[in-house]
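2 protein chains.
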Amino acid sequence: MATDSVKLLIVRASPYAMRAILEAKGLKYELIEENLSAKSQLLLESNPVYKKIPVLLHGGKAIPESLFIVLYVDEAWPERAAFFPKDPYARAMTHFWGDFIDKKIFQLAVSTMKTKKGDPKKEAGVSELYENFLTLESGFTQLDAKPFFNGAGIGYADICLAPLAAWLRVFVELAGIRVPTAEEAPKLHKFLSAIREHPGSKVAFPDPDELLSYVILHLKKTMAA
Amino acid sequence: MATDSVKLLIVRASPYAMRAILEAKGLKYELIEENLSAKSQLLLESNPVYKKIPVLLHGGKAIPESLFIVLYVDEAWPERAAFFPKDPYARAMTHFWGDFIDKKIFQLAVSTMKTKKGDPKKEAGVSELYENFLTLESGFTQLDAKPFFNGAGIGYADICLAPLAAWLRVFVELAGIRVPTAEEAPKLHKFLSAIREHPGSKVAFPDPDELLSYVILHLKKTMAA
Chain A
0 MATDSVKLLI VRASPYAMRA ILEAKGLKYE LIEENLSAKS QLLLESNPVY
50 KKIPVLLHGG KAIPESLFIV LYVDEAWPER AAFFPKDPYA RAMTHFWGDF
100 IDKKIFQLAV STMKTKKGDP KKEAGVSELY ENFLTLESGF TQLDAKPFFN
150 GAGIGYADIC LAPLAAWLRV FVELAGIRVP TAEEAPKLHK FLSAIREHPG
200 SKVAFPDPDE LLSYVILHLK KTMAA
Chain B
0 MATDSVKLLI VRASPYAMRA ILEAKGLKYE LIEENLSAKS QLLLESNPVY
50 KKIPVLLHGG KAIPESLFIV LYVDEAWPER AAFFPKDPYA RAMTHFWGDF
100 IDKKIFQLAV STMKTKKGDP KKEAGVSELY ENFLTLESGF TQLDAKPFFN
150 GAGIGYADIC LAPLAAWLRV FVELAGIRVP TAEEAPKLHK FLSAIREHPG
200 SKVAFPDPDE LLSYVILHLK KTMAA
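First to last, the protein sequences are chains A and B.
Following numbering that gives the first Met the number 0, the numbering of the first sequence begins with 0 at its first residue and continues without gaps.
Following numbering that gives the first Met the number 0, the numbering of the second sequence begins with 0 at its first residue and continues without gaps.
The following block holds chain A by itself, in its conformation from the complex:
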């Protein structure tokens, strides 16, 4: 399938991992920067339901929502590195852990970050996240990660977790999250190191200082100082 017509509507700093997906498949693509305070006609028409980035444009078709973009990219270029194992059970559990990462790591970290200091929900969120990182360690074991969930190359659950390598500093600084040590969660730490060294991530991830400034700027209205 021709790869020269792949375009990705994004905003700066987010969702940077999307680029890593395309890099992982070795695709050529064009990034189109959106301004969320003045959304383009292209964005509004290509994602009429949510009107949000990211949207992948390919061969006249528009695929919204990051996780569905991953599924599409995986299946539209099946001759390239697969994002899922072949066994139905391993596939289902890859979805299971990807969903856990989405809800129980990222959504919880973001909502904890947005909770004001002093609100008991903030400390509860920090505690739950710590436990969830330990639970995630059992996911690495279940899917026999080495070091990625998908083996030596990144796959679906890895793509779900990859942005943590860039966002961890933001979550620590702005949400006060506590991450298990390398002794408590060795597989998580190996994963994060490997993601930081992955060629796709190197292209895709923003500079941590820049990301922190960006998030502070965008959250300052809703966050406690």
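Hints were generated in silico from the structure; no laboratory data involved.
All residues carry an ideal CB built from backbone N, CA and C; glycine is no exception.
One or more hints might be untrue.
To be verified - Below, a list of computed lysine to aspartate or glutamate pairs in the EDC-like style, where the Cα atoms sit at most 20 Å apart:
no.: 1; chain 1: B; residue 1: Lys102; chain 2: A; residue 2: Asp101
no.: 2; chain 1: A; residue 1: Lys121; chain 2: A; residue 2: Glu172
no.: 3; chain 1: B; residue 1: Lys60; chain 2: A; residue 2: Asp143
no.: 4; chain 1: A; residue 1: Lys120; chain 2: A; residue 2: Glu130
no.: 5; chain 1: B; residue 1: Lys51; chain 2: A; residue 2: Glu127
no.: 6; chain 1: A; residue 1: Lys51; chain 2: B; residue 2: Glu209
no.: 7; chain 1: A; residue 1: Lys103; chain 2: B; residue 2: Asp98
To be verified - Over 12 Å on every C-beta distance to chain A, these chain B residues come out as not near it, computed from the model:
no.: 8; residue: Ser39
no.: 9; residue: Glu172
no.: 10; residue: Glu183
Using the hints, position chain B against chain A.
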């Protein structure tokens, strides 16, 4: 693949649609009723992360979470009716609409149902749901539903939406939701009629009166009278 070892951990009234999935594949299965106030060791061991029903047990493997059970059942018995189209774009959009149904129809309807009368969030939820039903109509069009998203047989997005046929009365009575008329949303109404006539649904769906009583009993602590 042998089908005689398929078991499903459930509770009565929910998640009834799970049975329809197994019926749609023509599988034999055993239902195991769980008591959520005294969960079995089997449930705790087979879903250690969430400790929730449903869990599918097959050949010594445990698959938790309804949507991942659907994916597993579809792929473990590929020789039987497929739950997804073959085209990568149609597959991605089937996921997209399944997710929309999960979040923007069911989760919103349940949270609106639990919101107390007089809370402005209740009326806002009712209005948003009405709009979401109209948006869903565009999903039926996009995936060329006839009458199901998956064509003549039920598939992934259909399974996501199917429980509405049983729950609609509960949502109308307890959440006060408004559903577009058959003129405003003809495809939704055709879908609901077809689901009610589907052999799998007929086996799987609880009696509407029984379901209403069940929900009232379980929500009475958190709901306004």
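Hints and how they fare:
1. Among the hinted pairs, lysine 102 of chain B with aspartate 101 of chain A is consistent with the structure: their alpha-carbon atoms are about 14 Å apart, no more than 20 Å.
2. In summary, the hint linking lysine 121 of chain A to glutamate 172 of chain A is supported, as the alpha carbons are separated by about 13 Å, within the 20 Å threshold.
3. About 16 Å separates the Cα atoms of lysine 60 of chain B and aspartate 143 of chain A, which keeps this hinted pair within 20 Å; it holds.
4. Distance check on the hinted pair: lysine 120 of chain A and glutamate 130 of chain A sit about 15 Å apart at the alpha-carbon level, within 20 Å; holds.
5. Proposed proximity of lysine 51 of chain B and glutamate 127 of chain A is supported: the alpha carbons are some 18 Å apart, at most 20 Å.
6. Between lysine 51 of chain A and glutamate 209 of chain B the alpha-carbon distance is near 41 Å, which puts this suggested pair outside the 20 Å criterion.
7. Only pairs whose Cα atoms come within 20 Å are accepted, and lysine 103 of chain A paired with aspartate 98 of chain B is accepted, the gap being roughly 17 Å.
8. Non-interface status of serine 39 of chain B relative to chain A is upheld: no Cβ of that chain comes within 12 Å, the nearest being about 20 Å off.
9. Distance check for glutamate 172 of chain B against chain A: the nearest CB is about 28 Å away, which clears 12 Å, and the non-interface claim stands.
10. With a least beta-carbon separation of about 18 Å from chain A, glutamate 183 of chain B lies farther than 12 Å from that chain, consistent with its non-interface assignment.
Checked against the numbered hints listed earlier, the structure breaks hint 6 alone; every other hint is satisfied.
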